[in-house]
Amino acid sequence: MSDMDEMEDGSGIVKKFMFLNRKAPHGTVYALEGLEVVLITAAFDQDVSMVFTDDGVYQLMKGIDSKGIEVKDFSKTYRALEGYDIEKLYVDQASMDARGLTEDDLIVDVTVLAVDEMANLMAEQDVVISF
Amino acid sequence: MLHIVNKSATDRGSLESCLRMATKGSAVLLIEDAVYAATTGNAAAAKIQAAAADLKIYALGPDLAARGMAGRVLDGVNVVDYGGFVDLVAEHSNCQSWL
Chain Z
179 MSDMDEMEDG SGIVKKFMFL NRKAPHGTVY ALEGLEVVLI TAAFDQDVSM VFTDDGVYQL
239 MKGIDSKGIE VKDFSKTYRA LEGYDIEKLY VDQASMDARG LTEDDLIVDV TVLAVDEMAN
299 LMAEQDVVIS F
Chain A
4 MLHIVNKSAT DRGSLESCLR MATKGSAVLL IEDAVYAATT GNAAAAKIQA AAADLKIYAL
64 GPDLAARGMA GRVLDGVNVV DYGGFVDLVA EHSNCQSWL
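Residue numbers (the working numbering), protein chains in the order written: chain Z, 179 to 309; chain A, 4 to 102.
The following block holds chain Z by itself, in its conformation from the complex (with noise of 0.2 angstroms):
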């Protein structure tokens, strides 16, 4: 069967994705669109990895509290990832040292990656999609 077949018939093509997020959450609108994306591909059975690097990495923070600013909080929905199957997040090493954070300031269970080791990931995908 002929890729184009297999489109057709909208089965067995699993891509892997990954969402790259390296932008802090409220400033601009990236980290919400970007959520949004994810949790659509999420209905495609896709293999999606969402990583976290550069100001990305703030996203994730534990105890957001956006009342004062009048925007949604949207960084409880990290947390429901876990029952759309997108388990694999990814954050930096630098990215977390450059900002003084450690894996407990997260909302999430993440893997962290060194440089060379989120490298090796990015290059092994099939799609990059940048938020």
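Hints are computed from structural coordinates only; laboratory data are not their basis. The structure presented is a predicted model; accordingly, all values stated were derived computationally and were not measured. All residues carry an ideal CB built from backbone N, CA and C; glycine is no exception. Incorrect hints may have been included.
Ranges of calculated distance between the beta carbons of each label pair, as one might list FRET restraints [what the hints assert, rightly or not]: (1) Leu102/A / Glu214/Z: 23 to 31 angstroms; (2) Tyr262/Z / Ala53/A: 43 to 51 angstroms; (3) Gly28/A / Lys245/Z: 32 to 40 angstroms; (4) Gly86/A / Gly241/Z: 18 to 26 angstroms; (5) Asp263/Z / Gly86/A: 44 to 52 angstroms; (6) Ser20/A / Ala272/Z: 22 to 30 angstroms.
Since chain Z is already given, all that's left is putting chain A on it; use the hints.
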């Protein structure tokens, strides 16, 4: 003069540009993603602490809380609410927003 910075120091160079130009006795107000610079362990924390010797450094409380950073503010940084933001603008004869 009041300087206002709203971009993360670990993402953009606007805090650095601001601190380079701010003269002694000026005030610097960190809002939105700029508040991360005023938290413990951030790569820009040393710059903020050094700058606090000559400048008055403020950070907007609601923006800290919205980022889970309310408990991590550096010593020497004054946390203000929206009323305090208005007071700072009113007290200074001019201001510059480092967009």
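For each hint, the structure was consulted:
1. Leu102/A / Glu214/Z: 23 to 31 angstroms: Once the Cβ atoms are compared, 27 angstroms apart, the range 23 to 31 angstroms for Glu214/Z and Leu102/A holds.
2. Tyr262/Z / Ala53/A: 43 to 51 angstroms: Once the Cβ atoms are compared, 45 angstroms apart, the range 43 to 51 angstroms for Ala53/A and Tyr262/Z holds.
3. Gly28/A / Lys245/Z: 32 to 40 angstroms: 35 angstroms, holds
4. Gly86/A / Gly241/Z: 18 to 26 angstroms: Given range 18 to 26 angstroms: holds, Cβ gap about 24 angstroms.
5. Asp263/Z / Gly86/A: 44 to 52 angstroms: Because 46 angstroms falls inside the window, the suggested range holds.
6. Ser20/A / Ala272/Z: 22 to 30 angstroms: 24 angstroms, holds
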